Amino acid sequence: MSTSRPTVDGVAGSIGELLEGRITNSHLALFGLGFVGVFFILPILLLVPESIAFGTGEPLQAYRRATRGIYVDAFVRSFLYGIVTTAVTLALAYLISYFMAFGTNRVRLTMTLVIVPLWIAYIVRYFGILLFLSPAGPFADLTGIEPSLLFTTPAVIIGLSNVYLPFAVLPIYNSLNAIDGELISASRVLGASQWRTLVSVVFPLSLPGLVAAGLIVFILAAGSFLGPAVLGGPNQTMIANEIAGAFLNNFNIRFASALAVIYSILLVGTLLVFNTVFDLREVLGNI
Amino acid sequence: MSERSLPSPRRVGLLAAVVAVFAFLLVPVIIVVITSFTPQSFPGIPQEGLSLRWYGELLADESLLNALKVSLVVATSSSILSAIIGTIAAFGFVRGEFPYKEQISTIMLLPMIISPVITGIALVRYFGSLSLPSGYPALILGHTVLSLPYVFLLVRSELVTYDKDLERASRVLGAGPMATFRHVTGPIISPAIIAGSFIAFVVSFGEFTATQFLISPGTSTVPVVIYTMLRTGLTPTINALSVVLIVVMLVVALSSRRLSST
Amino acid sequence: MLEVRDFTKYYGDLCAVENLSFDIDEGEFVTLLGPSGCGKSTTLHAIAGLVEPTDGQILLRGEDVTDLPPEKRNIGMAFQSTALFPHMTVRENIAFGLKMHGHDSTAVEERVEESLELVDMPDHGEHKPGELSGGQQQRVSLARALAYEPDILLLDEPLTGLDRVLREEMRGWLNRIQKEVGVTTLYVTHDQEDALSMSDTVIVLNDGHSEQIDSPERIYESPASPFVAEFVGKSTRFSGPVSREGDRAVVNNHNKAITVEGTGVEDGDDATLYVRPEDIEVSRTAEGTENEITGRVVNVANLGNRAEVTVELTDGNEALAHTNRFPDIDVGDDVHLRFDPERVIAL
Chain G
1 MSTSRPTVDG
11 VAGSIGELLE
21 GRITNSHLAL
31 FGLGFVGVFF
41 ILPILLLVPE
51 SIAFGTGEPL
61 QAYRRATRGI
71 YVDAFVRSFL
81 YGIVTTAVTL
91 ALAYLISYFM
101 AFGTNRVRLT
111 MTLVIVPLWI
121 AYIVRYFGIL
131 LFLSPAGPFA
141 DLTGIEPSLL
151 FTTPAVIIGL
161 SNVYLPFAVL
171 PIYNSLNAID
181 GELISASRVL
191 GASQWRTLVS
201 VVFPLSLPGL
211 VAAGLIVFIL
221 AAGSFLGPAV
231 LGGPNQTMIA
241 NEIAGAFLNN
251 FNIRFASALA
261 VIYSILLVGT
271 LLVFNTVFDL
281 REVLGNI
Chain C
1001 MSERSLPSPR
1011 RVGLLAAVVA
1021 VFAFLLVPVI
1031 IVVITSFTPQ
1041 SFPGIPQEGL
1051 SLRWYGELLA
1061 DESLLNALKV
1071 SLVVATSSSI
1081 LSAIIGTIAA
1091 FGFVRGEFPY
1101 KEQISTIMLL
1111 PMIISPVITG
1121 IALVRYFGSL
1131 SLPSGYPALI
1141 LGHTVLSLPY
1151 VFLLVRSELV
1161 TYDKDLERAS
1171 RVLGAGPMAT
1181 FRHVTGPIIS
1191 PAIIAGSFIA
1201 FVVSFGEFTA
1211 TQFLISPGTS
1221 TVPVVIYTML
1231 RTGLTPTINA
1241 LSVVLIVVML
1251 VVALSSRRLS
1261 ST
Chain R
2001 MLEVRDFTKY
2011 YGDLCAVENL
2021 SFDIDEGEFV
2031 TLLGPSGCGK
2041 STTLHAIAGL
2051 VEPTDGQILL
2061 RGEDVTDLPP
2071 EKRNIGMAFQ
2081 STALFPHMTV
2091 RENIAFGLKM
2101 HGHDSTAVEE
2111 RVEESLELVD
2121 MPDHGEHKPG
2131 ELSGGQQQRV
2141 SLARALAYEP
2151 DILLLDEPLT
2161 GLDRVLREEM
2171 RGWLNRIQKE
2181 VGVTTLYVTH
2191 DQEDALSMSD
2201 TVIVLNDGHS
2211 EQIDSPERIY
2221 ESPASPFVAE
2231 FVGKSTRFSG
2241 PVSREGDRAV
2251 VNNHNKAITV
2261 EGTGVEDGDD
2271 ATLYVRPEDI
2281 EVSRTAEGTE
2291 NEITGRVVNV
2301 ANLGNRAEVT
2311 VELTDGNEAL
2321 AHTNRFPDID
2331 VGDDVHLRFD
2341 PERVIAL
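Residue numbers (the numbering used here), protein chains in the order written: chain G, 1 to 287; chain C, 1001 to 1262; chain R, 2001 to 2347.
Hints were generated in silico from the structure; no laboratory data involved. On a predicted model such as this, the values are computed, not experimentally measured, just so you know.
Among chain R residues calculated to face chain C with C-beta under 10 angstroms, some are:
{"id": "1", "residue": "Pro-2070"}
{"id": "2", "residue": "Glu-2071"}
{"id": "3", "residue": "Arg-2073"}
{"id": "4", "residue": "Asn-2074"}
{"id": "5", "residue": "Ala-2078"}
{"id": "6", "residue": "Phe-2079"}
{"id": "7", "residue": "Gln-2080"}
{"id": "8", "residue": "Ala-2083"}
{"id": "9", "residue": "Leu-2084"}
{"id": "10", "residue": "Met-2088"}
{"id": "11", "residue": "Gly-2102"}
{"id": "12", "residue": "Arg-2144"}
{"id": "13", "residue": "Tyr-2148"}
Non-contacting residues of chain C with respect to chain G, defined by C-beta distances greater than 10 angstroms in every case (computed):
{"id": "14", "residue": "Glu-1048"}
{"id": "15", "residue": "Gly-1049"}
{"id": "16", "residue": "Leu-1052"}
{"id": "17", "residue": "Arg-1053"}
{"id": "18", "residue": "Ala-1060"}
{"id": "19", "residue": "Leu-1072"}
{"id": "20", "residue": "Ser-1134"}
{"id": "21", "residue": "His-1183"}
{"id": "22", "residue": "Gly-1186"}
{"id": "23", "residue": "Ser-1190"}
{"id": "24", "residue": "Ile-1194"}
{"id": "25", "residue": "Ser-1216"}
{"id": "26", "residue": "Thr-1232"}
Beta carbons: idealized from backbone N, C-alpha and C, even for Gly.
So that you can see chain G by itself, here it is in the shape it has in the complex (with noise of 0.2 angstroms):
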């Protein structure tokens, strides 16, 4: 529809020239913009200069500290969880994702299952994981086994797997379910085995969902804070609970900034790499 007209007489066409001329569609798309601007984008934008001790003789100084010591195993952490928590997660998600789309007809009701703990707050969700693992909680009351696996490693890998699964079933369900079953039937018919359909067909068409999925499991389980927070111990801290110590425990808002800042650097970088592989705006275009 064209975007000017000339004046219409009448209320209606005042209102019509109002919608069609002065206020477009694209001033419409600027105003959510500017809101995200404003109220996220610039308070993220002023960490940087919040991190640099300004007229000081070390202005770096929140940066020479947040690169050393505990604070480095704290990043290399939350990328390796991240790491582990992706593959951990991309397989479970791929064989309930494969049976929704292949293996049922209740797919409404499986699809329901994976949907309903996304509706369910990370903190009941991880309470509920913390009990699970307590020594003298429900899973030792039923096998009399006391488990000791809280507070360690594992225990936020479960946590953090657990709590981002859906996210991960839903792109790799879709990336399935949009396979055409033709080509599935003719990749039978020409010859070829389950398994074989499987590797060769199935799983190429479905890569990007995976690789959506991916993408979008790393980047919040290397970013969360509850995980460690409750599962974890002293030994299992990741950046976001550096970021909130220094902050909430501490005080020390530059410092906080600094490791936020590096965090984000490191990501968009970790990001930059990912592309090169695979094209993040097609991938962004699965989620």
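Chain G is already provided as a structure; the job is to place chains C and R on it using the hints.
For chains C and R alone, kept in the frame of chain G given last:
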């Protein structure tokens, strides 16, 4: 592919694995619910009958009830705000014509992607420098930003599939732009907007990580209270409060689903 | 009734329609026919006011409506997607246009009933569009467009989504309704059968300009350009230099010299000739008449009421001829093709 194309031993194996994964996914939540009915003072599986004791404790605790009120106020206000802003933005990005539209629209999704810890400290510093007080104003605005991407995505996908011929037909039938929006476009996309605002409500109601920076004394939300209690020791009151949280979130989410499916 | 004057539409630098002009008389059924992307929908949308012309004028009942928004034009329109409002019943859909045109509630009720009668759907008023079949939806869409007695009815490929049998049925039905109501109609389609079977006048559009504005018979029998000859109907094409011999012309094609009756081509021109398949006679025996060429049959397709024979000529080109249902001809046969010089279209 139909079910019979899976040979049965393999199918049994797959089925067992799938059940295990679903159990992994759902057991934590189920445990929280079951153990909330214990009469004991530790959240274990109730073995000597069920008890509503801890729900009673909940009702007797003024600070817990206050947290519930804060959560409801913040979630309601922020979901209305993000429904309005998200809908306007979705219209702009679907209907507007400007260069790099797709790339720019990912900016709208950033609040969903950036770690909420970073969002939290950035917002609390920013609101501080604007002299916007912690508590309700900061919480509502912060949660609006965090839930905005969900409304934006939902309404945008509705608008993308919306048949523009309907608007053309309405205009040719004699309705001006405003009448067309009121009688045609509005009624058709409103279920998506309402569904989006319900999802925004759920996101706000469960948000913890950024929220812990934005609260003030007296405006703790339910997730913040649960977290604080977790750090001091496990009591079934946490379970009772969690179950309240679960019920509110599921009821809202299920109504949103019903709305978007009609 | 409707006059389109030098209508031009650019999308950015891309020209969709250039200097298109035509008139439609009161009560006439006119079709805009062309391949997709030829500008026919753009033209229709401009007449409805849904597309703003880059240049040119649109006059409705002698009044310049170029700058009027669609809601002020009193136009009826049916869309390929039907564009029925999914949240309203059939009755509410039809009432919508009447209300927007300022009819009071008793008049609205009356006209809705009449409109439902008109399209033979008196019992479907309370249904939602989603509950109706494709053909029924198109009928409601037409009822909605006609209810407020528009000055002109615009139809944007309304039959395109329908299957072949229903489509043919709907053609006749649409024609009857149009004559019954007497509404001036502009129909847009890419389907030549729609155009030839329904219209008083056909406008053939190609790449944003009109190739020919004529009656369906003339469009088929005397196409004005190679585009029209090739887009409308099947034909066999020959080309070559012309030498005139009195009121006849001879075109020297690779296969044989072809004689053409009448005018249209000049001595020394390069002419393109088209012969319709129904004008070509196929036989196994030579008769030695003029315009007899030889070839070998490569395909015989039975089309039900007739058969279509594809013949490879000596220069490698193919000719198409129609025969009776079960021709005594097989693939691989050497045959002779004959056609009347009067039936050759020369361009």
